[in-house]
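All letters in the sequence shown, in the order written, are residues 1 to 284 by the UniProt record's numbering.
For the record, the hints were derived by calculation from the structure and aren't laboratory data. Beta carbons: idealized from backbone N, C-alpha and C, even for Gly. One thing to keep in mind: the hints can contain errors.
Unchecked claim - Cβ-Cβ distance ranges computed for the label pairs, FRET-style:
id: 1; residue 1: Thr-186; residue 2: Phe-19; range: 29 to 35 Å
id: 2; residue 1: Pro-143; residue 2: Tyr-115; range: 23 to 29 Å
id: 3; residue 1: Ser-152; residue 2: Ala-211; range: 37 to 43 Å
id: 4; residue 1: Asn-107; residue 2: His-31; range: 26 to 32 Å
id: 5; residue 1: Thr-186; residue 2: Asp-104; range: 49 to 55 Å
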Amino acid sequence: MEGYWLFLVLLVSALLLGFLAVLFALVWVFHYREGLSWDGGSAEFNWHPVLIITGFIFIQGIAIIVYRLPWTWKCSKLLIKFIHAGLNTIAMILAIVSLVAVFDFHNAKNIPNMYSLHSWIGLTAVIFYTLQLVLGFAVFLLPFAPVSLRASLMPIHIYSGLLIFATVIATALMGFTEKLIFALKTPAYSTSPPEAIFVNTLGLLIVTFGALILWMATRPHWKRPPEQNSKIQQPNGGTPEGTEEESTMTDCSNTDKSDVEFNSEAAARKRNLKLDEVGQRSTM
Numbered sequence: 001m002e003g004y005w006l007f008l009v010l011l012v013s014a015l016l017l018g019f020l021a022v023l024f025a026l027v028w029v030f031h032y033r034e035g036l037s038w039d040g041g042s043a044e045f046n047w048h049p050v051l052i053i054t055g056f057i058f059i060q061g062i063a064i065i066v067y068r069l070p071w072t073w074k075c076s077k078l079l080i081k082f083i084h085a086g087l088n089t090i091a092m093i094l095a096i097v098s099l100v101a102v103f104d105f106h107n108a109k110n111i112p113n114m115y116s117l118h119s120w121i122g123l124t125a126v127i128f129y130t131l132q133l134v135l136g137f138a139v140f141l142l143p144f145a146p147v148s149l150r151a152s153l154m155p156i157h158i159y160s161g162l163l164i165f166a167t168v169i170a171t172a173l174m175g176f177t178e179k180l181i182f183a184l185k186t187p188a189y190s191t192s193p194p195e196a197i198f199v200n201t202l203g204l205l206i207v208t209f210g211a212l213i214l215w216m217a218t219r220p221h222w223k224r225p226p227e228q229n230s231k232i233q234q235p236n237g238g239t240p241e242g243t244e245e246e247s248t249m250t251d252c253s254n255t256d257k258s259d260v261e262f263n264s265e266a267a268a269r270k271r272n273l274k275l276d277e278v279g280q281r282s283t284m
């Protein structure tokens, strides 16, 4: 894997920032707010930021880069698809529960629903995320969709996933500001009290986490290589993403090899692909 150590540093940094963001969210609601409960009060509303940060941001971010983890490249891609789909399903469930908490709180307090830009974009993101997950199951996980359909929808699936992730982060930042403006009266938000500084720091953690996830997810040299035993191949010996036959390997055996062995095997695989390309061109 090219740039393995850089990837490792970015991955560890992203995991640390994501974990800190979840921890900051819990400290926020327990130290500055009224904790967590499900009684129609302010503590029920607090489930909203905690579940959004935990599921819709942190878990979704991990789901996005699960294909990029080099230690999983020896595993069946079908297994990684199940992990990817499972993480996204958990994120979707947590996001829906967080919405239920908000609506329940608003209804109990006679607060209008769906009047702010934060609520408009947030609900739209949840709806499109659910559609993304359902279509992902139907097209890429179940064995019924034709190969041509998978190949044509894969770029859209990747782009929409990254767009939703970035939109969720932007919506969360709007929600932080909205909540602080409403909640902080004495002292006011504009005077930068400790809670305001703490939540603003939380926002910076989330933005940095999102930036690292998007960077790792968009580097072409960190993309999972094609399955070695693919039956559907392009003329150059490669396999288009979304069209490969799944490997019969269902576990992650031999994943305890050293990094040197792994890198040398990746380089050898790349050289073999180039040799195959030269051989095919010479027969044309």
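For this session: List in ascending order the numbers of the hints, as given earlier, that are violated by the structure.
Result: Hints 2, 3 and 5 are the ones this structure does not satisfy, whereas the remaining hints hold.
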